[in-house]
Amino acid sequence: MEGTWRQVVERARAAFASGRCRSLEFRARQLEALERMVREREEEILAAIAADLHKCGPSAYGHEILGVLGELAAAKEELPSWAAPQPVRRNLLTLRDEAYVCPQPLGVVLVIGAWNYPFVLVVQPLIGAIAAGNAVVVKPSEISEHTARLLADLLPQYIDPELYPVVTGGVAETTELLTQRFDHILYTGSSAVGKIVMAAAAKHLTPVTLELGGKSPCYIDKDCDLAVACRRITWGKYMNCGQTCIAPDYILCDPSIQDKVVENIKTTLQEFYGEDVKKSPDYERIVNKRHFRRVLALLEGQKVAHGGEADEASCFIAPTILTDVSPESKVMEEEIFGPVLPIVTVKSVDEAIEFINRREKPLALYVFSNNKKLIKRVISETTSGGVTANDVIMHYFLSTLPFGGVGNSGMGAYHGRHSFETFSHRRACLIKDLKMEGANKLRYPPSSQKKVDWAKFFILKRFNKGRVGLVILALLGVVAAVVIKMVYY
Amino acid sequence: MLRDSGQEPAEPGRRCALPRPSAGSPFPPLGMQQPLELPEQQLALAKGAGPGAGDRMGGADSGAVSGNPYAGLVSRLRAAWLSGKTRPVEYRVAQLEALGRFLEEKQQDILEATALDMRKPSFEAYFSEILLCKNELNNTLNNLSHWMKDEHVEKNLVTQLDSAFIRKDPYGVVLIIAPWNYPIHLFFVPLIGAIAAGNCVIVKPSETTKNIERLVAEALPCYLDNDCFAVVTAGVEETTKLLENKFDYIFFTGSPSVGRIIMTAAAKHLTPVTLELGGKNPCYVSDTCEVHNVARRVAWGRFFNAGQTCVAPDYVLCSVEMQDKLMPALREAITEFYSPNPQESPDFARIVGDKQFQRVRALLSSGRVAIGGQTDEQERYVAPTVLADVQPSDPAMQEEIFGPILPIVVVSSMDEAIDFINARPPPLVLYVFSCDSKVVKEVLERTSSGGFCGNDVLMHVTLTSLPFGGIGNSGLGKYHSRFTFDTFTHHRGCLHRNMGLEAINALRYPPYNQQKLGLLTAAFEIKRKGMCTLL
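Chains as they are written, first to last, in my numbering: chain A, 1 to 489; chain B, 490 to 1024.
Just so you know, these hints were derived from the structure itself, not from any lab. Note that the structure is predicted; figures quoted are calculated from it, not measured. Just so you know, even glycine gets a beta-carbon here, dropped at the ideal spot from N, CA and C. There's no promise every hint is true.
20 Å max Cα-Cα, derived SDA-like pairs, lysine to any residue [as the list claims (entries may be wrong)]: (1) LYS450(A) to GLN597(B); (2) LYS195(A) to GLU173(A); (3) LYS730(B) to ALA199(A); (4) LYS303(A) to VAL262(A); (5) LYS373(A) to ASP223(A); (6) LYS735(B) to SER190(A); (7) LYS376(A) to HIS641(B); (8) LYS844(B) to GLU726(B); (9) LYS278(A) to ASN987(B); (10) LYS450(A) to GLN596(B); (11) LYS266(A) to PRO1000(B); (12) LYS279(A) to ASP223(A); (13) LYS435(A) to ASN987(B); (14) LYS927(B) to ARG96(A); (15) LYS203(A) to GLU888(B); (16) LYS435(A) to LYS930(B); (17) LYS638(B) to SER954(B); (18) LYS450(A) to ASP836(B); (19) LYS373(A) to ASN987(B); (20) LYS456(A) to VAL479(A); (21) LYS347(A) to LEU226(A); (22) LYS289(A) to SER190(A); (23) LYS1005(B) to GLY57(A); (24) LYS278(A) to ASN1002(B); (25) LYS927(B) to GLU98(A); (26) LYS657(B) to ALA305(A); (27) LYS456(A) to LYS927(B); (28) LYS260(A) to ALA305(A); (29) LYS441(A) to LYS930(B); (30) LYS699(B) to ASP776(B); (31) LYS373(A) to GLU888(B); (32) LYS735(B) to ASN357(A); (33) LYS814(B) to LYS730(B); (34) LYS814(B) to GLU888(B).
Now the stretches of chain A that chain B is said to cover, found in silico as 3 or more residues with beta-carbon under 8 Å [what the hints assert, rightly or not]: (35) 80 to 90; (36) 231 to 239; (37) 287 to 301; (38) 317 to 331; (39) 373 to 382; (40) 386 to 398.
Using the sequences plus the hints, can you model the full thing?
Laid out in structure tokens, this is it:
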């Protein structure tokens, strides 16, 4: 197996070294082919996702395909400006030189996907990596096996199979794969495996982007439109049967509104899924038996205010709400990743902030309030990967915002331009004139106080911004060069 | 608290054993002697540790360090971090200004200590340890409030009425580990960014440059808020213990092999890292060039700090004709800079330690010594040396030289030079000398490196608007000026939505149907330049 992976990676490396993915036209063509694949094979993609997660077509389209198409559109339009060298401000010493940052591909990057949004979590990073000019080894999650198989089948039909190979397999295969050297690894998954990925990357000094998880808190202030807040929370919590890394994991609210919150969520659940949730085509299932048992076990000893029904045969767990949950209970220890919503009561926003800060930094933070000052306060006194205030999930869909975690919830970010930058090396370039030696004289030994004074002048002299400043700077530069030539020649 | 004691200082007010110096240095005047050895008790007192410092110090020095001696220190800093003390811009500015005062008031001590540690010429020390640091500090102070601001981003159709911005959150408690070759600069510049970004910081200066280490450990805490900033002095074993603690960011400058160890330790806590490492920086000299200028610039870059610079040109690639032309020019430049006897020049440094000296000396048996080659073990002096006709298999081509030796490897063409470069790990910086700008551009395009400088060496490091960092084996991450601030900042995507307009949200809620999906598609697809497809 190791031999096979090594061959795959070496082939990708050779393909990268050939230089063909350097040109923007090549990258644009690959992205166009990817777009064709998504549009032409939409039915098969939706069917695979449905088979993996019991997800209906419109839902899968909205959660996965839409995001991919948006990302492709952005990359297509913005690629020339993303890839262009960016000139930088120069100082007195470099006024006559070319100074710019030149984005370059990293080489061969590895994208490891997750099973909960099996298509978008592989393809969205892939788009950024291709746009940045890299070769990409794609490793979809084996748990969402239909989508993995489909990707292995479809991608080579549309995009360069040597540059962008798909590798499939489980834990053993991934461990072997990680012994190879990559120039960047983007991993989406759990914090525990994130540590393993980073440790493997450390052996090769490979930079990593880790999109992990955690318990994303959701604070509901007394002063807010509860009906709207609860509807939005219900949507974000129970989509994909709670198996969303940025789902609101638990609620923090004042005890006086806890019952109202439960009522509102119950009403919304009815609106969304009807009387019998099990019969609704829009409600997904837990991905497999292992996770089913894990999530169900979290209900032990809890006060179930709504839901709790489960059916192992179909991995069905009803949308569930738990009230008066103790912070020390099991359901408050690990990321739930299931349709179970604990409510922990706090007496004030201070207590909520303190509660959040005592725990690992979450991937997302949610706060609902009519009071703008309160929202600002919660945001500024906590930290998290990202934030949506007065809604949930939505910061994920704005690709001008960097999407990623912090601390235990991850490192690095992507989406839109941030993907391009993640998968690029921003190379600092300074190109000087070989002929003009004048000003250089003052830096060469033997040293003297005069040289020290000149060095201070050149390095520390500051001018206001603006054209006048620049003109003065230029004049001073010329004067300085002339004076030095006279003094030292 | 100055020492790795992890304990509270004896009295809250008495944070520093030394009076805040306004005039004169707390150090006795230092001449060009052996590194200063203070009697043990004086050392303990000078470090301002609480009671029992002697035991702890003895324990740490004698090697067997048990438990986690830094846990107390780290948790104290974390508590300070959680209190929010480092967040307000006024606080950060005050600390940065204090850093500026440290640089001003301790300037003489810094120059003396670097002279003692590695005979750093005062101009070089002034340039790299004082001037460049001041530049970074000024730049940061001038721009800090701008950098700290929330960055508003372009919105899509769905979020038009919302507020979308990137918040600049500090990480928390960060660790900066510095090397010995530019012992002030390489902790100071990251420290500026870490403080500017609002973090609490532990600084670990290099244990190899003992005088600087002592100076930093004793003096820096007199300027900075000791609740939030600490200096830890530690050797290899203690640093390993230090790394067992959870930090929110680790900034390391040093060798690739230690970089791997740091990143592996960081992985246990999912701590993000910036690693400023090294490698062999190639310097390609084409046949069309101004030989004398090339020789001067390359010699300056190679022999600065006796070659102990991560961005020094490590080896030259050129044609055999260019090698013949370069040799006399290099000889001339070296004589111009350091006089015919560089050992007597005050402008030429020494190798930092005996171990490093042995290593560098062993590299001399590569190719043939065309210039220099003399060594003096007593002084750890290695003459400015140029080796000709070096083979890729020679010792000097197997590791980063980090010494005043410049090997010349002959290649027959630019293509061969590019292949040579690409066959090796990407370096921290790549240098190309040519009067033909096409040559410069082509080498740039066909290779990879952390940074690139055409027709000069080192200078890209002094332009603060350029990001400084490596790629692959030469490092990950980047810094200098704004990039340092960004390194120590978590860029947090924030979306502040409207509670109203719930009707539009209805598109996304179950029960799902094709009609809703159609509208949703139109609403979500990113359209540029304000084009509206929904209406």
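Worksheet item: Checked against the structure, which of the hints given earlier come out wrong?
Response: 9, 12, 13, 26, 27, 29, 30, 31, 33, 34, 37 and 38
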